[in-house]
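Hey, can you work out the whole structure from these sequences and the hints?
There are 2 protein chains.
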Amino acid sequence: MQFWFTEEQSKGLRISVQVERVVEKRRTPYQEAVVSETSDFGRMLTLDDVIQTTERDEFAYHEMICHVPMCSHPNPDRVLVVGGGDGGAVREVLKHPVQAVDLVEIDEAVISLSKEHLPSISSGLADPRVRVIIGDGIEFVAGSRDAYDVIIVDSTDPVGPAQGLFERGFFERVRRALREGGLFAAQTGSPFYSAELVARVYRDLRSVFPKAGLYLGCVPTYPGGLWVFSIGSVGGEFTSPLPGRVVKGTKYYDEAVHSAAFVLPPFVRRLIDGDR
Amino acid sequence: MQFWFTEEQSKGLRISVQVERVVEKRRTPYQEAVVSETSDFGRMLTLDDVIQTTERDEFAYHEMICHVPMCSHPNPDRVLVVGGGDGGAVREVLKHPVQAVDLVEIDEAVISLSKEHLPSISSGLADPRVRVIIGDGIEFVAGSRDAYDVIIVDSTDPVGPAQGLFERGFFERVRRALREGGLFAAQTGSPFYSAELVARVYRDLRSVFPKAGLYLGCVPTYPGGLWVFSIGSVGGEFTSPLPGRVVKGTKYYDEAVHSAAFVLPPFVRRLIDGDR
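Protein sequences, first through last, are from chains A and B. What the first sequence shows, in this note's numbering, is residues 110 to 385, in sequence order. What the second sequence shows, in this note's numbering, is residues 110 to 385, in sequence order.
Because the hints were derived from the structure by calculation, they are not lab data. In this text, all values refer to a predicted model and were calculated from it rather than measured experimentally. Don't take each hint at face value.
[To be verified] DSSO-like cross-link-like pairs, simulated, lysine-lysine; straight-line CA separation at most 30 Å:
hint: 1; chain 1: A; residue 1: 120; chain 2: B; residue 2: 134
hint: 2; chain 1: A; residue 1: 204; chain 2: A; residue 2: 320
hint: 3; chain 1: B; residue 1: 134; chain 2: B; residue 2: 320
hint: 4; chain 1: B; residue 1: 360; chain 2: A; residue 2: 360
hint: 5; chain 1: B; residue 1: 357; chain 2: B; residue 2: 320
hint: 6; chain 1: B; residue 1: 120; chain 2: A; residue 2: 120
hint: 7; chain 1: B; residue 1: 120; chain 2: A; residue 2: 360
hint: 8; chain 1: A; residue 1: 320; chain 2: B; residue 2: 360
hint: 9; chain 1: B; residue 1: 120; chain 2: B; residue 2: 134
hint: 10; chain 1: B; residue 1: 204; chain 2: B; residue 2: 224
hint: 11; chain 1: A; residue 1: 224; chain 2: B; residue 2: 120
hint: 12; chain 1: A; residue 1: 134; chain 2: A; residue 2: 120
hint: 13; chain 1: B; residue 1: 224; chain 2: B; residue 2: 360
hint: 14; chain 1: B; residue 1: 134; chain 2: A; residue 2: 360
hint: 15; chain 1: B; residue 1: 224; chain 2: A; residue 2: 120
hint: 16; chain 1: A; residue 1: 357; chain 2: A; residue 2: 204
hint: 17; chain 1: A; residue 1: 320; chain 2: A; residue 2: 360
hint: 18; chain 1: A; residue 1: 134; chain 2: B; residue 2: 357
hint: 19; chain 1: B; residue 1: 360; chain 2: A; residue 2: 120
hint: 20; chain 1: A; residue 1: 357; chain 2: A; residue 2: 224
hint: 21; chain 1: A; residue 1: 357; chain 2: A; residue 2: 320
hint: 22; chain 1: A; residue 1: 224; chain 2: A; residue 2: 320
[To be verified] Far from chain B by the CB rule (all over 10 Å, computed), these chain A residues:
hint: 23; residue: 135
hint: 24; residue: 141
hint: 25; residue: 149
hint: 26; residue: 203
hint: 27; residue: 204
hint: 28; residue: 208
hint: 29; residue: 209
hint: 30; residue: 232
hint: 31; residue: 325
hint: 32; residue: 363
Glycine is no exception: its CB is placed at the ideal position from the N, C-alpha and C atoms.
Written out as C-alpha cells, the structure reads:
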C-alpha cells in the first residue's frame, strides 16, 4: 500500500509526495505540524498540509534567503530570523562570522519537532550565539530599534499567523529595527501563482526602504519551482556580493548565483515595472 | 465532480492538474496523445501521461530552447527542429529573420492535434518558410550534411522513441548536419531528478563539439521547475547573445536572462565538473 501526501499548490495544481511513515504529528495552537519520512525527499516538514521543507531540497531555499543579504552587508554581526523554526536559515547564517543570531518563532512545536526529527536542518539552533525566542515576530520586531544588521523573514505563506509579515506596517517596523546599512530579506511566493503578492510586496518595500529588489531561486517542492525573495536595504547595494565574500559548503549559492538571481525574466519584471 | 490528471514526475513525486474536459485523445503508433482543457493552465498536451506543454507556461521552455542558440549565431538562416510537433519552438524561431525552418516530428498526430487545439502554440507551422517532415529525427539528421545553422532538439523524455536523441551517436550526426559556426540545443531534463542524464549528455557533447555547455530555465509544470538545456557549438561562443540581438515579444528570454541562464548553482556544476 502506498501513502501520498498531497498539497494544493494553487487553484488547479497539486503536488504529491510519497510518504513512508508519519514520524510525528502535532496539533499546535497555530497549526498542524507534521514530520514525515518520504520515499524520495528524506524527511519533510508540513504545516497545515503545506510543504515547508524537505531534507533533499531545503538547501536551495535556505541558502538563497540567507546568503544574499548576508553577503551584501559589510559586517553582519547581529542577525534576526523571523519564523524559520526548522533552523535551516539559522544554520546558513552561522556560516558567516556573526556575533549573535536571534530566532523568533511563534510556534514552539516547529522548533522541537525540527530539533528532534530534522537534525541536519536544525543543528545550528544549539549554537551558543543563537537565542531562540518563542513569540510573535511582528511584536518582537516592533519592540526592536537599531538592533540588527540583517533581518530574514522565513515565514509560511501569507495566510493565518504569517499574514502580517507581508504588510507595509511590518516592513516599516523592520526598517526601524535595522541598524545603519541594514538589510531585510523575505520569501515572497511564486511569480506564477502569487503575482499580485509579489507586486504588492515590492511596491511596499520600495516605499519603505531606500533600495528594494526581487531575486529568484529554484525550490523543487514549492509551487512552480521558481521562487521570489524580496530584499530591502537601508543603504547599501545588494545585487552582487561584496568583494572577497565567500561562503563555504554551499550547494546552491555562490557569488555568480547571487548576481544572476537578480536577473528577472520579463514576465517577472513586468509585475513590478510600474513601481521602479 | 472534479477531474485531475496526475503525472508521476519522479519516484515518489506526482503533479496533478485539474482538468475540465478532454478535448481530444488519440492513440497513435507511438504514444497516447491528449489535449485537455485545464482549469488553471489553459490547454495542455500530454504524451503517454507526461505533460509536454500547457498554454500558460510553455513560453518559458520554448523561448529558452530557441533564443539561446539563435541569438548566439551570427546568421541563423537555416534551422532544424527535431520533435517539437506542437510548434512552439518553431514559433519562437520565426521571431528571427530565418530563411527556412525544417521540423521533423515522428508522430503526425502531435502536429494535427496542436494545429487544431493549440493555435497559440502551433501558429508558426503555417508559415511558408516552414517545412514539416513526418519522420524519424535520427534518420533525418543522419541524412543531412552541412545543412543547418541551428539544430534544436525539442524531444520527450529519454524513454521510447526519443531515447536515441540523447545518445552520443546522434550528437555526432548533429555535428555533421551543422554548417560552419552551427549550434545545437536540446532539453536535457531536471538537475534534481535526472542528474545522471545531465552528466552523461554533457560529457558526450564535450567529446563531440568544440564547445559545449549547460544552461537553465524554469518551467513550472516540469518536475522540480528547474530545467536543463544542453548546447553544443561547432565554433562560436554561446554564453551571451551576440551584440545588438534583440528578440521582441518574449516573456522569459532577454539578453540578461541568456547570460544568467549559464550561471549554474554549485550542485548543478558538480554534475559536470569532472568533464570540464
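Now the hints, each set against the structure:
no. : hint             : verdict
1   : A:120 with B:134 : holds (24 Å)
2   : A:204 with A:320 : holds (26 Å)
3   : B:134 with B:320 : violated (42 Å)
4   : B:360 with A:360 : holds (29 Å)
5   : B:357 with B:320 : holds (28 Å)
6   : B:120 with A:120 : holds (24 Å)
7   : B:120 with A:360 : holds (22 Å)
8   : A:320 with B:360 : holds (25 Å)
9   : B:120 with B:134 : holds (26 Å)
10  : B:204 with B:224 : holds (19 Å)
11  : A:224 with B:120 : holds (28 Å)
12  : A:134 with A:120 : holds (26 Å)
13  : B:224 with B:360 : holds (22 Å)
14  : B:134 with A:360 : violated (42 Å)
15  : B:224 with A:120 : holds (28 Å)
16  : A:357 with A:204 : holds (7 Å)
17  : A:320 with A:360 : holds (28 Å)
18  : A:134 with B:357 : violated (51 Å)
19  : B:360 with A:120 : holds (22 Å)
20  : A:357 with A:224 : holds (24 Å)
21  : A:357 with A:320 : holds (28 Å)
22  : A:224 with A:320 : violated (36 Å)
23  : 135              : holds (24 Å)
24  : 141              : holds (22 Å)
25  : 149              : violated (3 Å)
26  : 203              : holds (19 Å)
27  : 204              : holds (14 Å)
28  : 208              : holds (27 Å)
29  : 209              : holds (28 Å)
30  : 232              : holds (20 Å)
31  : 325              : violated (8 Å)
32  : 363              : violated (6 Å)
Comparing the model with each numbered hint stated earlier shows that hints 3, 14, 18, 22, 25, 31, 32 do not hold.
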